[in-house]
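Q: Once you have looked at the hints, place chains B, C and D on chain A.
4 protein chains.
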Amino acid sequence: MIIVMEQSSDPKLTDAVVTRIRELGYEPHLIQGSNRQVIGAVGDERGKMVLQSIESMPGVESVVPILKPYKLASREVCPEPSQVEIQPGLVFGGDELIVMAGPCSVESEQQIVETAHAVKRAGARILRGGAFKPRTSPYSFQGMEEDGLKLLATAREETGLPIITEVVNPRDVELVARYSDIMQVGARNMQNFALLKMLGQLDKPILLKRGMSATIQEFLMSAEYILAEGNRRVIMCERGIRTFETATRNTLDISAVPVLKEQTHLPVVIDPSHATGHSSLVPSMCYASVAAGCDGLIVEVHPNPEKAASDGPQSLRPAAFADMMMKLKDFADVSGRTLPGVGGSL
Amino acid sequence: MIIVMEQSSDPKLTDAVVTRIRELGYEPHLIQGSNRQVIGAVGDERGKMVLQSIESMPGVESVVPILKPYKLASREVCPEPSQVEIQPGLVFGGDELIVMAGPCSVESEQQIVETAHAVKRAGARILRGGAFKPRTSPYSFQGMEEDGLKLLATAREETGLPIITEVVNPRDVELVARYSDIMQVGARNMQNFALLKMLGQLDKPILLKRGMSATIQEFLMSAEYILAEGNRRVIMCERGIRTFETATRNTLDISAVPVLKEQTHLPVVIDPSHATGHSSLVPSMCYASVAAGCDGLIVEVHPNPEKAASDGPQSLRPAAFADMMMKLKDFADVSGRTLPGVGGSL
Amino acid sequence: MIIVMEQSSDPKLTDAVVTRIRELGYEPHLIQGSNRQVIGAVGDERGKMVLQSIESMPGVESVVPILKPYKLASREVCPEPSQVEIQPGLVFGGDELIVMAGPCSVESEQQIVETAHAVKRAGARILRGGAFKPRTSPYSFQGMEEDGLKLLATAREETGLPIITEVVNPRDVELVARYSDIMQVGARNMQNFALLKMLGQLDKPILLKRGMSATIQEFLMSAEYILAEGNRRVIMCERGIRTFETATRNTLDISAVPVLKEQTHLPVVIDPSHATGHSSLVPSMCYASVAAGCDGLIVEVHPNPEKAASDGPQSLRPAAFADMMMKLKDFADVSGRTLPGVGGSL
Amino acid sequence: MIIVMEQSSDPKLTDAVVTRIRELGYEPHLIQGSNRQVIGAVGDERGKMVLQSIESMPGVESVVPILKPYKLASREVCPEPSQVEIQPGLVFGGDELIVMAGPCSVESEQQIVETAHAVKRAGARILRGGAFKPRTSPYSFQGMEEDGLKLLATAREETGLPIITEVVNPRDVELVARYSDIMQVGARNMQNFALLKMLGQLDKPILLKRGMSATIQEFLMSAEYILAEGNRRVIMCERGIRTFETATRNTLDISAVPVLKEQTHLPVVIDPSHATGHSSLVPSMCYASVAAGCDGLIVEVHPNPEKAASDGPQSLRPAAFADMMMKLKDFADVSGRTLPGVGGSL
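Chains as they are written, first to last, in the UniProt record's numbering: chain A, 1 to 346; chain B, 1 to 346; chain C, 1 to 346; chain D, 1 to 346.
So here's chain A without its partners, still in its complex pose (with noise of 0.2 Å):
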């Protein structure tokens, strides 16, 4: 961490901190610059965060961060790529690309296994459906909970596809756990302490949806909250962030594809579906996420997107979603990964 004095400071100011940085147990280098004081405080930053707190010291003007405040989720830590196994021969991070599919809400038996069917046969591997619903209004359908939970397990012993499904409630853990293979986190609780504390005391894979407003490092502490109770299984994955523009719901930022891939070992998928809203633009997104190097996707597909009891604008049919696995195939081809079970006679 760097300290950097005002211009005019005392130099009992600059001893005072001085004195501080060695009492928190770092070592203090002093650098006499042309205008103003530096001190390096030398020593590993995280585990306490205190030595911000310097920042309130008289003379003081700023304190910049060196290091990146997490580890267990750095390259530095583990400089290869994790896999992430969901069951034998399904690996995130791995040369497959993994497409995940299916509605946002589980609204019927017959809804949710004919998509799974439907998902399957262009390739999906995983099957997605939402039984817990984080609503913006609370006027809007919030799920079917349990018994959307069984009616993925009902598709799933259909389909042989695991399935992943979100879990916004502490309270909920457990039993989300029972019915699932990936428990999935939303955006709107990636910063729900609480909650990644109790998932990272599982052994299950977590997928990690990032905040609407987080920052990448921010995406990464949350991870980390998750990774440092012990659970290793989480896999990232980038749903677009809140700008100013409004032609798609939120803004795609791809470019979190090589940036977290540099920083961390954790595989990364794409969520094309939430990011743009419109389902017109989900294809071309999928397209440019797996060359931007992504290790899967999670995509919305219902059959009947004008009776959607959730998030229809962006929902696929399945006809489409088909048409886009085709066509994904050749991206997955010149990207250097797999995409089994597509265009062949799986």
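Worth double-checking, as some hints may not be accurate.
Copies of the same chain look alike in the list, so a pair counts if it works inside one copy or between any two.
[Said to hold, decoys possible] When the alpha-carbon atoms are kept at most 27 Å apart in a straight line, the in silico DSS-like pairs for lysine-lysine are as follows: (1) 197 x 150; (2) 12 x 68; (3) 204 x 120; (4) 120 x 150; (5) 68 x 307; (6) 71 x 307; (7) 307 x 12.
Calculated directly from the structure, the hints in this document are not laboratory data.
Given the structure is predicted, the values throughout are model-derived calculations rather than measurements.
A: Just chains B, C and D now, with coordinates in the frame of chain A:
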């Protein structure tokens, strides 16, 4: 709701939309524009948000909502300002400007009791202090939890000040309710709907902070979650939004005060400490907030900001807080507000 | 345009609005909603924006535009994609993916000629280089001005590559037009309407960069300024928007590609260098942009990024650029685009 | 400037950076951290921004600037607040709070003269009015140009009020200077550096508006462009920044007032009309701005907002403006400012 058809859309597509509007229980009104057809759907849009799904129908270009999606929080349902009583003689939304003050985190009995006395002497009416702390890093101080709540209760006994403290986990609602006079929902939990629903079932005032990237409409929808469960004592708190500017921690959206006053009957308070992140900016933002018409303030005060376990840089020292309160009284006066206990013989 | 009246508004106020709508040359259609009156104003809203002023009339809650405000840039006026020809055989918006490359600033004859040869060998079809540089600081290098233009012309003679360069001042339009094949409007000048109008009167292709905080609609309105003056050869360039994220210089809004493709017939290119600010992120963003459907790329290449007068950190070295072009060819292929001159014997 | 090396970087890479720092005229100071090496480069970073290019050297992780990049605008160079005199007895940055008011656009002699009399009666000291209008749409009213300037001059003769008006094209600088007392640079032109340089050579006060997405540091750098050319009479104007919030046209960043007051000696004024976009929000934002410590206000006033050629919805009627000024006087009083001509017998 207004449905805009594409320019070239087939009359049959328009017919299908009209039929669907009727199915959903609305009355369609067709306007033949010069370039395209526009259909008004008359009926109460709230309570059944599915009308939005019409956007997925072929030939539909866009769907434009007309009504605001909240009811109980609106001026239309409750034209007069609500008053939220904390205890007899202590009311948000009345003539008195209510100042809440105290440290970010409860750290020790001495720290919280000393601060409580200091802020009371300066004119604060409510003591703030965090026992459960939602922190970006898992390695940062996470709060004293129930021990912190007990220390807050001690400080209340010593000073008579009611206390406000944050709850972050639905599991802790009952515990926090037992110790506190006002329960705070932090910015990161503004859309923690499970938490909001539980708080809606309490008989306890709730201070709801605006999410870092929440629109004012979404903020009001979160209030609606609490109101819809039966708890009508909700206080709205603007605490800065996330923008590209880095000179301040967040950007205080002070125009949210008059916007909220136009749209809702609920009291509105401002948190200038989290908004700015720098104690030197807090006093001027307090004056501005009162001038803009807010009903109260929540301000971080710490006896030793340079040793604070969290948020030291934005905490005022007790003497600076007392100076600010003296000057604030003048701004309260010209804003038609009282600030009893400041500058007088109380 | 839709005018929404306040809930409690007097019928006389509605009458006044209806009268005003007629005065302005539109036909009013009244819809009596369950909560409030809504008035549709039928007529072409564009060309006379004054309808917006109705928002100031008593009793009016809001005014909602229905039509897009641009015409010449729209798909409605020109349903087929436009092709912008730079010279015979070099066309934006056709089958070929056009790559423009070169240094941020022209610094010397050796630097620009050497770079021109290098990018040509790698498959670039157009040379970029800045002679007039809009820099945030008055103390930064401001460009070589006319001397820089002359060096660009030399590089064109040496390599046969057409050149694109930025113009920042209406005064220099004629000068820059004399030397360049495409004139670039930078992000900071996207709403420099005096400049846009002058460029609209030229017979020269214009590459228009999106402003850092411009919505796509505003971006198209700026194109409309050029088109409305008679110059139809406009190329749209997305180059990142300003958000809260700091890991990248800007956030590349790659979904702007399909959105623009839906809304306008004009070609769309991407600048991944300014968007990301880091050369290590540029290749993956090039691949993603092509996969998203863009018509071209503009990429910064410098022989010695660590000695560049501007934007070194985001410039690729020639070898890295050549590697990227080889891989880009595969992405172009599966996107249905040609990239002649790469990987072959040209 | 601080250069942070990558964790695993070779000592030879560090040596190369140290050598390069010396070549550029700085003195290197090496700090051996626990995880990585950090190099301080001592010397004045401003005036030669090339140090940033070190970020491109192999082994360098990041480069962190320490000094602010502006000089003449800074408190370090000029610790005391500057006063900008418009005419004898009319000074920005002194005790008096200066209110500028008038219509967005000059539309007719009657309109501008009538408004000038009205705002003068209410206490405004300067008349605002646009003759050159930068409009998003080419189909919107573009201003009366020189005829508008002549009408402003007429209004000045009739009322004695000095006039402020916008200049948008370097070509028009001399023309606008001839008619105006203060020249305004609009938000869209904050980084029109050609324009700024020309204004820097005038002997005329300049009101510089903050760009919609400009950081405060960039805003000060634009002021530096004018100051560096020799014109020291610059007034900074905050007018709202672009955020995701849509309830207001922009988000008024009122904390920019104390931030600017800490960082620069230049006077600071607020434009609440463009910031909010709604006349009903303007009065409370005026009060808040004064309470926050601004030196002046610029407010849109129009005799018939519903017939205004531009920006009607945000314009106050003369009577509402007069009421606001009466109440503003009380806020000016408690802020230690005078507002002569209001509420008295002047």
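Q: Now tell me, hint by hint, if it's right for this structure.
A: Quick rundown of the hints versus the structure:
1. 197 x 150: Answer is both; intra-copy 25 Å and inter-copy 24 Å each pass.
2. 12 x 68: Between copies, since 24 Å is at most 27 Å while 31 Å is not.
3. 204 x 120: For residue 204 and residue 120, the Cα distance is within 27 Å only inside one copy (23 Å; across copies 50 Å).
4. 120 x 150: Within one copy only: 19 Å inside a chain, 55 Å across chains, cut-off 27 Å.
5. 68 x 307: Cα proximity of residue 68 and residue 307: across copies only (22 Å, versus 46 Å in one copy).
6. 71 x 307: Answer is between: at 25 Å across copies they meet the 27 Å cutoff, but 45 Å inside does not.
7. 307 x 12: Between. Shortest inter-copy distance 18 Å satisfies the 27 Å Cα cut-off; intra-copy 71 Å does not.
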